[in-house]
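K.L.:
Sequence:
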Amino acid sequence: MQSSEQQVGSVADTRGKHRISAELKQLEQEARFLEEELEQLDRMENASAVCMEILITMETRPDPLLPETVGPTSPLWDQWFERPANSSVCRCWIL
1 MQSSEQQVGS VADTRGKHRI SAELKQLEQE ARFLEEELEQ LDRMENASAV
51 CMEILITMET RPDPLLPETV GPTSPLWDQW FERPANSSVC RCWIL
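Residue numbering for the sequence shown follows UniProt numbering, beginning at 1 and increasing consecutively.
Everything labelled a hint here was simulated from the structure, so no lab data went into it.
Treat the hints with care, as some may be off.
Derived pair list, reagent style EDC-like, types lysine to aspartate or glutamate, alpha-carbon separation capped at 20 Å [to be verified]: (1) Lys25 - Glu36; (2) Lys25 - Asp13; (3) Lys25 - Glu37; (4) Lys17 - Glu28; (5) Lys25 - Glu35.
Let's have the full structure, built from the sequences with the hints guiding it.
P.N.:
In structure tokens, the structure reads:
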């Protein structure tokens with residue numbers, strides 16, 4: 001009876017060793033990936049300098065999707081967003 005228990009125990013032990021070995025290899029691989037990523041970060045330029053360059057470039061160029069207008073597209077729209085010249089005539093509760 002003990003020999004069958006020893007055999008079952010050795011099979012389970014081998015599976016446990018294999019699982020631990022696989023987890024160890026996975027951790028080593030993750031550590032290698034992290035080391036490579038750290039090396040890449042060390043070789044990279046400072047992010048703040050790059051962000052400043054992008055910001056300056058973006059601020060100097062107009063947005064190609066927006067039309068370039070100096071003033072309002074339609075002067076009639078301004079009447080809806082400005083206070084009337086004579087506020088005593090205006091009977092609006094909001095203004």
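K.L.:
Could you check the structure against the hints above and give me the numbers of any it violates, in ascending order?
P.N.:
none
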